[in-house]
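**Student:** Using the sequences plus the hints, can you model the full thing?
These protein sequence lines map, in sequence, to chains A and B. Note that this note's numbering has the first sequence beginning at 890, numbered continuously upward. Note that this note's numbering has the second sequence beginning at 6, numbered continuously upward.
These aren't lab readings, by the way, just hints derived from the structure by calculation. Glycine included, each C-beta is placed from N, C-alpha and C at the ideal position. Fair warning: there could be bad hints in the mix.
[What the hints assert, rightly or not] Computed footprint of chain B on chain A; a stretch qualifies when at least three of its residues, placed anywhere within it, have a C-beta under 8 Å from a C-beta of chain B:
| hint | stretch |
| --- | --- |
| 1 | 1208-1218 |
| 2 | 1223-1230 |
| 3 | 1251-1257 |
[Said to hold, decoys possible] List of simulated lysine-lysine pairs, BS3-like, C-alpha gap at most 30 Å:
| hint | chain 1 | residue 1 | chain 2 | residue 2 |
| --- | --- | --- | --- | --- |
| 4 | A | Lys1233 | B | Lys214 |
| 5 | B | Lys32 | A | Lys1171 |
| 6 | A | Lys1272 | A | Lys1233 |
| 7 | A | Lys1272 | A | Lys1240 |
| 8 | A | Lys1215 | B | Lys213 |
| 9 | B | Lys156 | B | Lys139 |
| 10 | B | Lys109 | A | Lys1313 |
| 11 | A | Lys1313 | A | Lys1143 |
| 12 | B | Lys32 | A | Lys1240 |
| 13 | B | Lys213 | A | Lys1233 |
| 14 | B | Lys214 | B | Lys156 |
| 15 | B | Lys139 | A | Lys1272 |
| 16 | A | Lys1240 | B | Lys214 |
| 17 | A | Lys1367 | A | Lys1213 |
| 18 | A | Lys1367 | B | Lys170 |
| 19 | B | Lys156 | B | Lys213 |
| 20 | B | Lys139 | B | Lys213 |
| 21 | B | Lys214 | A | Lys1162 |
| 22 | B | Lys32 | A | Lys1367 |
| 23 | A | Lys1215 | B | Lys109 |
| 24 | A | Lys1213 | B | Lys109 |
| 25 | A | Lys1233 | A | Lys1143 |
| 26 | A | Lys1143 | A | Lys1215 |
| 27 | B | Lys109 | B | Lys139 |
| 28 | A | Lys1061 | A | Lys1215 |
[As the list claims (entries may be wrong)] These stretches of chain B come out as covered by chain A in the derived footprint (C-beta under 8 Å, 3 or more residues):
| hint | stretch |
| --- | --- |
| 29 | 14-26 |
| 30 | 218-230 |
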Amino acid sequence: MNAADMQSSSFLSRLWKYVFALMLIASVTTVFFLLRDGLNTTLVALLYLIPLGIITALWGLGPGITSALITFLTLNYFFIQPYYTFTVHQPADIVILVVFLMVAVVIGQLVGQAQAGLAAATAREREATQLYELSTALTGLQDEQAIGRILANQVHALAESEYLELHITGTKPFVYRVPEMSPPHRPPELIIPIEAARGVLGEIRLWRAEQAISSREQRLFQTFASQSALALERAWLARAESRARVLEESDRLKTAILSSVSHELRTPLSTIKAAASSLRGKEVSWDSPARVELIAAIDDEADHLNMLVGNLLDMSRIESGALKPKREWNILPEIIGSVLARMKRLAVDHKLEVDVPESLPLVPVDYVQMEQVFTNLISNSLKYAPANTVVCIRARQEDESVHVQVSNQGPQVPPEDLERIFDKFYRTTAADRVTGTGLGLSICRGIIEAHGGRIWAENVFDGLAFNFTLPQLWDGTKPPQLPMDTEAE
Amino acid sequence: MSNAPHILVIDDEPQILRAMRTILTEKQFRVTTASRGEEGLTLAATSEPDIIILDLGLPDMDGVEVCTRLREWTQIPIIILSVRDSERDKVAALDTGADDYLTKPFGIEELLARVRVALRHSANRQGAQGAQNKVVKAGPITIDLAWHIVKRGEEEVKLTGTEYKLLAYLAANHGRVLTHQSILTNVWGPADADHTEYLRVYMRQLRKKLEADPERPQHILTEPGIGYRFIVDE
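**Tutor:** Below you can see the structure in the form of structure tokens.
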């Protein structure tokens, strides 16, 4: 329906009100006319007031006043002698006519005012209800998009707009359109700013050509916008608060890191400093066996220090999401073998067992990172398990993944801590009894999860077992078939 | 002293330069140092070093680029120094023509071993092409490159065609690190340069046929994230 149609239809409905009013007057006049002989003029004038009241009440002031004027004429024409003229002879009739006109007009105005008052009250009540609905819908919302969506939909429904755009500016700007299409090729009929204490948060652009937007509607939409501005502000404050909490948390963590790190770094440094300074001084003679001992200590502790720094680097990389596995099809036993060869010296007090089937398929993993996982899990086992016990490494294929277990015969962990031992700096024992950064297991978790696997710990009958799974598919592909040659030279 | 090998060290950290100068001079090398890439390139051209030790993290230019620019005009052996976790850079430098690498912090024996290997390969390159290297011995393993015969002790080991090609390439470059890409390109061809899984599987087979304990190899060593290295002496 276009604007011209709309206008003509509203004109028609207004016209009909007049037509109905005239028809009512006409029919009442006909009845009075038929009963004219039994009625005196005063009574007719009084009775005329009834349809006039009804007309004003039903169709408003315009038709009411018009009807009053017409009735004034019909009263004069049909019911005041001489009949069928507009002349009046009796002074009393003049009084009747004048009083009738005055009363008719006053009634019309009073009834009309009451009607308008009622309509205004109804409109106000509707606005209040809509506003209430809006604020209820916005309560507790912390998502700016959701707030914007509700505001846009409500204003759109209320204004019966043909098109509406909601623009939210700020750090995360977005535009919401109802209906979902491109805007009409003309400037919007109304722009309502969304203002809060922080400044302008956005605006509503409204297109409605059919019916001019009344100032009452403008006021209402403005109220809607302010209500939503409050909700947006609330959401912003809530986010700021949660950001502050995160910062506080990371600050706390940093303090923990610093204290743990300085403690851990100082231990090897002390050894190095003591050994180097005594070699430099005159305390240790050139051919003393202590000399070899001290030099070995410096060398070992430097390696230890290097490992600590490496752990810290790994952790920061995991934290920042920069740990991207460089996947290749790898043979798990090869990785395990090279780790064990390197750890031989550390594992002199324990027995290392490997139970990995030859048929284990290739796995898509980062060679260096998987070495790190095995190194950390095995060294953790060596650290806590008593001497002369067995550390066992098992691997099995399960469905579409490979399940690896590193178990030891060391102390068990309380069930409620099994999950937490993978947290940073979490220890089940006092920090000064065991060396390490408290990062080894959380690095393992970071690496395994970056590979799309899962890691967990469980108590087994004689100790503790670390388990992890590695997906066997790489982007949905299975291990490749190799072009093998079998002929010997 | 003038016959002593001349080493050019390019590194921006004064402490490292100081330690290297002290230790290498002690080991009867002549040492020149540079703390920037450009300076290093100039010294490489003017001071005629026999070997270059190059740090990848230089202030003025990328170490990989230094490597590329050196390789434009010289085959002087280059040994890369880098910190842990920069496998990508190491591989890039090795693939642009560096001969070997060391991860900081490193032991001095490691450094000297790398220097010796690099000097030997450079001497071989200059002298009669590998004349003295027709037979490579690594512990009980003997590889006759001229007759294509591989023995373990007195017993001949049967290898497939690809296995032999792979072993021969490793043996001819013994002591040096060989990147995945360079092995794949030389043994399988450039089209297969990305198939590291071939290497994993064939290396495993070679270890089973040649090593005393295939899980703890003594000769065919894995360089994590980089490639492989064939070691002659235990």
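**Student:** What are the numbers of the hints the structure violates, in ascending order?
**Tutor:** Hints 12, 15, 21, 22, 25, 27, 28, 29 contradicted; others consistent.
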